[in-house]
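*Asks:* The residues making up each chain are set out below.
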Amino acid sequence: MSSEVILPGDPIPLDSVIGNDLDDSDSGPVIQLGPGILHIPPETLLPIRAGTLTTLTRSKPPKSTTIYVDTSGGRYVPAVQDTILGTVIGRFGDQEKSFYRVSIPGSAAPIGILSSAAFANAASRHTRPNLSNGTTVYARISAFSIALGEPELECFDENTGKEGGFGELKGGMLADVSIGLARRLLAPNGAYGGPSVVDALGKLVPFEIAVGRNGRIWIDSESCKMTVAIITAIQEAEELPREQMEERVQKIIKGARKE
Amino acid sequence: MEVNKRDELPDVATLEIVVRPDVGVASTREQFLQDRIRRVVGPVIALELHPRTLIQIVVQIVQSGDTKALNTIALSASINATYMALLDAGVPLRSTVSATSIVCYATSSTQAALTTGGVLIDPTRPELEKIEKDITSVHTIAYELKGGQMERLLLSESVGSFTEDEVFECYDAAAKVCEETNRTMREAVTKSVQQKGRWRD
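Each protein sequence line maps, in turn, to chains Z and E.
Numbering-wise, the UniProt record's numbering puts 231 at position 231 of the first sequence, and it's gapless, one number per residue.
Numbering-wise, the UniProt record's numbering puts 103 at position 103 of the second sequence, and it's gapless, one number per residue.
Note that these hints are calculated values from the structure, not bench results.
Mixed in with the good hints, there may be bad ones.
Stated by the list, open to error - The calculated label-pair distances, taken between Cβ atoms and stated as ranges, are:
#	chain 1	residue 1	chain 2	residue 2	range
1	E	Gly148	Z	Glu43	19 to 25 Å
2	E	Gly42	Z	Lys162	19 to 25 Å
3	Z	Thr127	E	Ala85	45 to 51 Å
4	Z	Ala147	E	Pro43	19 to 25 Å
Remember, it's a predicted structure, so these values are computed and weren't measured experimentally.
Just so it is clear, CB atoms sit at the ideal spot from N, CA and C, and this is done for glycine as well.
Sequences are here, hints too, so could you generate the full structure?
*Replies:* This is the structure in structure tokens:
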């Protein structure tokens with residue numbers, strides 16, 4: 001993994017990214033483009049955001065490299081299979097077939113549609129959840145196209161058909177984080193090297209967390225005071241290197257216990 | 001953001017630019033600034049990547065560097081600020097933009113500028129007030145840059161009396177200043193990106 005800061009319109013140093021073995025044979029290097037890089041056919045690659053140009057070498061397909069511009073800020077753009085935290089703001093449709101309008105804060109497409117049938121155990125309309133306005137839901141984006149606008153949401157695990165942690169979140173507190181941090185919190189353990197802020201917190205205090213890719217987190221713990229402390233710890237530790245992060249987290253949690 | 005149904009465009013994002021003055025209510029001067037900012041940043045934003053959405057930019061002038069008769073510093077500063085805001089917000093952009101103001105003045109009011117007069121690049125308000133009566137022409141110039149290299153001229157807004165040669169001289173001078181501004185901008189972005197990436201250590 002190599003990285004350098006890049007601005008929109010800068011030339012991408014492709015030679016250094018894929019090495020010098022550019023040949024036209026079938027086994028030539030494959031480049032996959034990630035977010036932040038626009039391909040203008042036939043062969044122009046244009047960075048469209050400011051950030052770190054990151055390259056990842058993959059083994060499948062052979063000799064392939066992924067390049068993308070890594071940024072921590074910016075606005076969330078919905079993508080299928082992302083999990084988001086939203087708020088129910090309305091309901092439409094009839095008794096048989098009703099839909100919730102869900103606000104997705106911080107998103108480029110601010111309103112999602114959640115069918116009342118898109119829950120676990122929603123086969124009969126008597127077992128469907130009845131969500132009132134203002135309810136926080138943890139949902140997965142099941143369909144989205146930027147040209148069509150409204151993302152479609154689902155509140156069940158698509159592999160098992162069960163609840164899987166999705167649906168209404170009761171109690172707890174919502175907080176905003178940068179979408180870069182949300183991405184980091186959701187990444188598989190060790191993807192960004194070493195334990196994360198959640199691991200550090202988990203050693204100190206039991207709590208529940210839900211992370212939405214739209215840059216929102218939901219926390220619930222033993223007391224309101226502790227919940228607020230956990231949120232502060234997560235927000236403050238965002239930019240700190242690991243050791244400082246652990247120190248800061250311990251200080252904040254200890255402080256909340258003492259009071 | 002969600003776009004007003006009336007302004008919604010089916011294939012591209014709607015670009016809304018609002019300029020708020022430092023004192024008083026918005027007038028034709030702000031309308032003028034809005035129009036010029038739109039012309040500069042419009043072609044640089046990849047609007048087609050976010051159809052049916054709204055990109056809203058509000059420029060609040062905190063302190064106008066211009067004297068009453070001029071409109072150049074507010075414009076070049078707004079363009080630079082707008083671009084930095086777009087960059088920070090992660091809006092898809094095709095290239096980088098820098099703008100600059102050049103004020104030409106005559107040392108004695110009967111002579112032409114540049115030959116015997118002086119040139120101020122991105123002047124401050126006290127500097128402007130000192131030469132206010134001798135200003136012969138004012139140029140606001142914005143360039144598009146790719147990889148720190150000048151790509152094309154995006155805006156050339158000139159007021160006053162000047163010759164063709166003078167304008168070309170201004171272009172050359174502005175190109176140098178814009179490249180310098182661009183370097184400063186790159187440093188700032190690099191610093192910010194590194195600050196945000198400190199957790200990797």
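*Asks:* Let me make sure I understand: some of the numbered hints might not hold for this structure. Which ones are they, in numerical order?
*Replies:* Of the numbered hints, just 2 does not hold.
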